[in-house]
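With the hints as your guide, set chains B, C and D onto chain A.
Chains as they are written, first to last, in my numbering: chain A, 1 to 459; chain B, 460 to 918; chain C, 919 to 1377; chain D, 1378 to 1836.
Hints were generated in silico from the structure; no laboratory data involved.
In silico DSS-like pairs for lysine-lysine, Cα to Cα no more than 27 Å straight-line:
no. : chain 1 : residue 1 : chain 2 : residue 2
1   : A       : Lys268    : B       : Lys915
2   : C       : Lys1374   : D       : Lys1645
3   : D       : Lys1833   : C       : Lys1186
4   : B       : Lys727    : A       : Lys456
So you can see what is in the structure, the chains are spelled out below.
There are 4 protein chains.
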Amino acid sequence: MQQAKDVRIAYIGGGSRGWAWGLMTDIALDPVLAGEVRLYDIDRDAAEKNKKIGDMISNHPKAVSHWKYTVADSLQTALTGADFVIISILPATFDEMESDVHAPEAVGVYQSVGDTVGPGGFMRALRTIPMFEEIALAIRAYAPHAWVINYTNPMSLCVATLYRVFPEIRAFGCCHEVFGTQKLLSAMLEDMEGIPDIPRQDIRVTVQGINHFTWFSKASYQGQDLFPVYRAFCEKYAATGFLKGQDDNWMNNYFACSHRVKMDLFLKYGKIAAAGDRHLAEFMPPWYLRDPETARSWGFTLTPVSWRKQDLQNRLARRARLLSGQEEPDFKGSGEEGHLMLGALLGLGDMTTNVNIPNRGQIPNLPLGAIVETNALFRAGEIAPVYAGPMDGNIQALTARHVLNQQNTLQAALTCDRTLALTTFMNDPLMSRVDWADGEALFDRMVAAQLAYLPKGWR
Amino acid sequence: MQQAKDVRIAYIGGGSRGWAWGLMTDIALDPVLAGEVRLYDIDRDAAEKNKKIGDMISNHPKAVSHWKYTVADSLQTALTGADFVIISILPATFDEMESDVHAPEAVGVYQSVGDTVGPGGFMRALRTIPMFEEIALAIRAYAPHAWVINYTNPMSLCVATLYRVFPEIRAFGCCHEVFGTQKLLSAMLEDMEGIPDIPRQDIRVTVQGINHFTWFSKASYQGQDLFPVYRAFCEKYAATGFLKGQDDNWMNNYFACSHRVKMDLFLKYGKIAAAGDRHLAEFMPPWYLRDPETARSWGFTLTPVSWRKQDLQNRLARRARLLSGQEEPDFKGSGEEGHLMLGALLGLGDMTTNVNIPNRGQIPNLPLGAIVETNALFRAGEIAPVYAGPMDGNIQALTARHVLNQQNTLQAALTCDRTLALTTFMNDPLMSRVDWADGEALFDRMVAAQLAYLPKGWR
Amino acid sequence: MQQAKDVRIAYIGGGSRGWAWGLMTDIALDPVLAGEVRLYDIDRDAAEKNKKIGDMISNHPKAVSHWKYTVADSLQTALTGADFVIISILPATFDEMESDVHAPEAVGVYQSVGDTVGPGGFMRALRTIPMFEEIALAIRAYAPHAWVINYTNPMSLCVATLYRVFPEIRAFGCCHEVFGTQKLLSAMLEDMEGIPDIPRQDIRVTVQGINHFTWFSKASYQGQDLFPVYRAFCEKYAATGFLKGQDDNWMNNYFACSHRVKMDLFLKYGKIAAAGDRHLAEFMPPWYLRDPETARSWGFTLTPVSWRKQDLQNRLARRARLLSGQEEPDFKGSGEEGHLMLGALLGLGDMTTNVNIPNRGQIPNLPLGAIVETNALFRAGEIAPVYAGPMDGNIQALTARHVLNQQNTLQAALTCDRTLALTTFMNDPLMSRVDWADGEALFDRMVAAQLAYLPKGWR
Amino acid sequence: MQQAKDVRIAYIGGGSRGWAWGLMTDIALDPVLAGEVRLYDIDRDAAEKNKKIGDMISNHPKAVSHWKYTVADSLQTALTGADFVIISILPATFDEMESDVHAPEAVGVYQSVGDTVGPGGFMRALRTIPMFEEIALAIRAYAPHAWVINYTNPMSLCVATLYRVFPEIRAFGCCHEVFGTQKLLSAMLEDMEGIPDIPRQDIRVTVQGINHFTWFSKASYQGQDLFPVYRAFCEKYAATGFLKGQDDNWMNNYFACSHRVKMDLFLKYGKIAAAGDRHLAEFMPPWYLRDPETARSWGFTLTPVSWRKQDLQNRLARRARLLSGQEEPDFKGSGEEGHLMLGALLGLGDMTTNVNIPNRGQIPNLPLGAIVETNALFRAGEIAPVYAGPMDGNIQALTARHVLNQQNTLQAALTCDRTLALTTFMNDPLMSRVDWADGEALFDRMVAAQLAYLPKGWR
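Chain A on its own, in the form it takes in the complex (with noise of 0.2 Å):
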């Protein structure tokens, strides 16, 4: 067995309540993987928790690979020299967010997550862009050939902005929506077939997209064109909801999802949507959002950010639980391929999956340099695209008008150009029903909920 036994990790957001924490075991269990991981926080004390906990999960009976951990003074320490950069942080606070997700309330555009897209998927990307580019200069400046994976929302600008700040980084972006669709091709073939069991890796998909808006032009298991089994899948579950082969990872629902946008999203298109339906949903014309009862009716539920601070509450209790030693790290795994990605890169063998990264023409109808959600071939010291192939009718249409929205935000925030901006803000699907003069004080008001985290171009 290959192995790589020196690694060093600097992790961007090191002292996050959760993700860092999967990661830990993910490659506490990896065995081809050993190394170092610099855990880097404007959080100092968050990130010296995760150390001990991170020192606790390497020297847990149950980890077979051993890593350790530092806490990183500032990006240049935790940077210099290192192989792979994790950026996995929350951009400013649950504030901000809510702000992000219940200010458009007030002229009736209601967001199930508001991370991505819509008014605070908007917002969150006006904040978010000018931090990446800070971060994009220190990749630069002090590690400018690691590669750098990012796990934060809005997934497609953070990595845009990074290669527009820096355009020989070295980034990706990973985002497990597009597993939790396999799983729901895998339970379909045991409910309608009669096959138990396939993991989702051997649902073959050819992804076309942007992140939480992608979609399958191809399925097939063992050979076997999926299309025509999910037409009658579709046909029988679509007015009602299923709600077998649930994936119930609390960073994917608030409440269960009974994948109705995704069937409904099918019958009107003819593909396969790939993500989860609060984010479907949200890349739409307020269809299946016109209000929470609608949202319902479609078998999901708007993520209030009360719950959110309420289940940071909670994840924080169990950071203290698992300090003090009152519980146990959780050695399940978390289902995320950042560890199998490190691994290919490093040349410990090939892998094929879907990434978000800029387009070099795998998906030849949306603009060439765009952050696009593709399969890609991993492999020591290259992630090569796999063509994709151009997307079809409508949903190329409704996809590159948010390719073009993404562009014009990253311009906007890096420029802070307010024409820009607010017309761009107004371009969202979401918006299409309010008026102007609603629009634009709307935009005001978002604006200076966050201005203290905003450059002073906005002041």
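Below, chains B, C and D alone, put in the same frame as chain A:
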């Protein structure tokens, strides 16, 4: 003076009550061109009547150039040997247009024109595209080297159909909307700077966009950048409208337009929208077309099809007067540039003006092959697009959305693909406040209302 | 183990003496595939004989998988219902190839192979393209959804013809030249680092280029970058050649090759040329092919067509021995990957390998649509090119020149355009020391030598 | 008449003996322009002398427009506030040019000009690119919005360097070679059709290509296609040459040229090559430049640098006569269009002419960003390329080869990359009969001959 004395023009829609007469006088007044005009119309009687009017115009003492008018029995007869083909048809009748314009009012969608975009423009395209498919096939068979000038709406889709069916066609689409905005800039210079009577051609403009949704990225007069003046002008008049310098041509306006939409778009987006407000409003979300009162508050009015029906009666009455000699032909010239373009293409003098042709890169951030409106150089034997550059920020985003809708409309119309047609219909900005179920029902009603004009695939 | 047991293969050129037998044993040894092979050949007798050999192989005790062999009377019979089409033909006879290879010697142009580029490759293309035009039309008519595997040279132009005539074809071209260079790198690692017996597949390579002029922009073994080792290796052996690790397959080498050309190209250009030296030399200016002595000084020899004629006699004799039972079929496996690709396309396991397909952007600085050789992902129902990135500096320049020559050759062959054909013939690097008049006379002689195989337009 | 009376021109290379004087009289004769010319030259004395000549021209009774001449101490002084920048420098001295032109004769490579392509053009580029890098940086710093007109060779690479270093620069390159071919077509119409004295501007041409290797894909006079006439003309004169209608401007011809190369290229390739034969021959394989006798047999002569040195003495003597009043300035006008372009860019009248600017798609089958020569529309504040369409067959192939060589030359010169430089040097068509070892030795000798003018990276 160079001249071309045996020009053969095939006029498809040669029974037209209006456009045809304007062209007849324009070419009668043009001293460098003469030849033959073959009138073809599915209403042969109308073509016969126009032949008589054409003869009267050609023999009138005010005519400086003499043309022979004939009536063609078939497309083949009209086209064989033609140097130029003019297409100016009414797709179906005003009854179908009544459905286009007014049926969507049932779901709260109001349209000021209803022949280009919106649900009305979409439905008009659905029946017009098969007609242009037939025309393109006839041109390929009988006049493959002729220059083809289209005046029919929806302009972009008519020209797109010609190129899709016969890629080597030498077709282009002409529209006077841009001229109106040049005239507005001329009137502005009189109002703001006291310079009177500037011919519109002396206002140099860089045109970008698609027909009826054209923009000026640059405008100058004698080297002076007009953008600062236009900003001051908009700040002065955006609230009240500007009523001077109107183009009151019947083809353009139902009632006067006050340019408030155009000025508002400048203040919002920063570029000069260059079409009539009635057209511009239809390309945007329903900010200006929420209801008839909203339109009026923005200084323009919706054109009811009942008015068009009455107007047709007036034009038929005028035809009778012309034929009986009660009324003299109008020799002031239409202001259209068609005849000048003919001359330029025959080598009688270069000309640079705006025109609708496939994107060969003149707008690099719109898809290649899409029918765009930019300046082009007309010379002997060629129309060479002039590079207009990328469109800006959200103007590009708004335009790209319509371009993709047009591509999907064309594909859906040629293949009778209901899924593609319906999802495209729903992707129009004017439909963005309509829920899916209402939209789908409207779609079906509107298809039914024009079923007689649609291919079998829709039945 | 997943299996596909009713695979239908149409084999065009099914009377082949060599390739066919290799395939027959490969598929007999592949436990996951079985079905029917329909042999079609214009030499029906040869197909009949191969049917017998096929049956003998399939019924042989060493066979693990059993296939039914039939002889097809027509392309229609062979193709109808086929899942896969294999094309492996000899365009015309070795008499025409004698002209290809040896006629140019009269003007001082020497060719080591003469079937890909150079004046010989050009002339071979001129007669082969119309044959592939006919094949493409038959596939469009009778097996439009089949996967089509080409082995015929000139590879790039054969595949290009298939796509030009039938753009929706699912064709790809396979060639083992890249494997030879992987084996060389394996031998290098033994020589330089003492690591023995690395399977060629474990040498990970990023392949870029066109068939027979392929390059590795990256090469690694277990994550180790092989470029520094290769540089040291070239510095050690470039002057003397390297004779270990030879691939002595008859299809590949006339006499042994010493890799001096390949190593010289690395020292000159900095990337790893990845085909046999005999092929590589033909793509360059006549640095390595000034005359037979020059070739020998570089460690390779020109393959005379007399040798091919003799070799054919040997293979015919072997066929007789096989048919009479005097000789046993060879069950060691050809080393070709064709049967593995079949399995992958049927969903029996993903596979990433190099293949000749249209450029969809996998090499962004070669023209879209050109037939390029890069890695691709073979999966159920799709071959998805893997992004290889732009080619470097003058490697791109050299390659682009051949790509343009190929595009012009294709166009000239399809339209019988002598001007385009002759100027393309003269643009080949091997012709760069020939004056126009000599070149034109040679062109005419070579056309005359194969006139029986050319379309009427050439007569 | 509109006028611009305070135009500020910075003239880099303002000590020029020839070009500068032509410009001075052109602008003195242009009634619509006046202002200031700042002469900057590394030979300050030459600039001082030209100031005096400029003053004499401006104050001459024949001058209709008056200009102030100053000598600038630095690029900064010259550039600050400039509306236009003219660059016309001699890179190094005629001693270096002697190496460019004559050193390659040792390996059998003869050049008629030696300043654009071939080994001489390559070496000239190697020392000129760093000079233009410095100029571009100064323009970025001191005159970022100025229009920059380059006259220096190698034209394409000088303009390419400006755009590479400062992508927002508003630079373009002017060359009169196309005019000469328009004049030839005018002379042809007199010879073949008896139409005398057609001004060259009335010959409408569609220009495609790169500087000194430009082609007409279309040519017409008053709507008449000139290709059939030109074919007859070539058939009549290709063997003997055509000596009427010569442009005997010293800048253009060493001895008269007979257009045999140009006519031969038409007969071989089917398009009209549109530059002097001395230039055209250098872009081709050495068909026309095998040796001096071959050149003479094609009706042109190689320009020895000794002649240039003598010619410089003549021009210095003329300068002395001008300064002393012994000779009057020549007021016939240079025939260059530079001053007209200035007027057009200032809004004094539109103009369409050929120019060297980055490819924005005007030639869709050459790389975007490459410096190409096509028509462009000059208007107030913009130069908009006019779509020229794809280049044909092998003309495109020949041109693309040089475009790639230029891109590689630029990259090699900016990075001092010997591998890239040497392989590019060897890829020039004129080098195609030279073996590698001879070529490499020549490369090293030529680099050594101009080492004083190269960046440190070459030492």
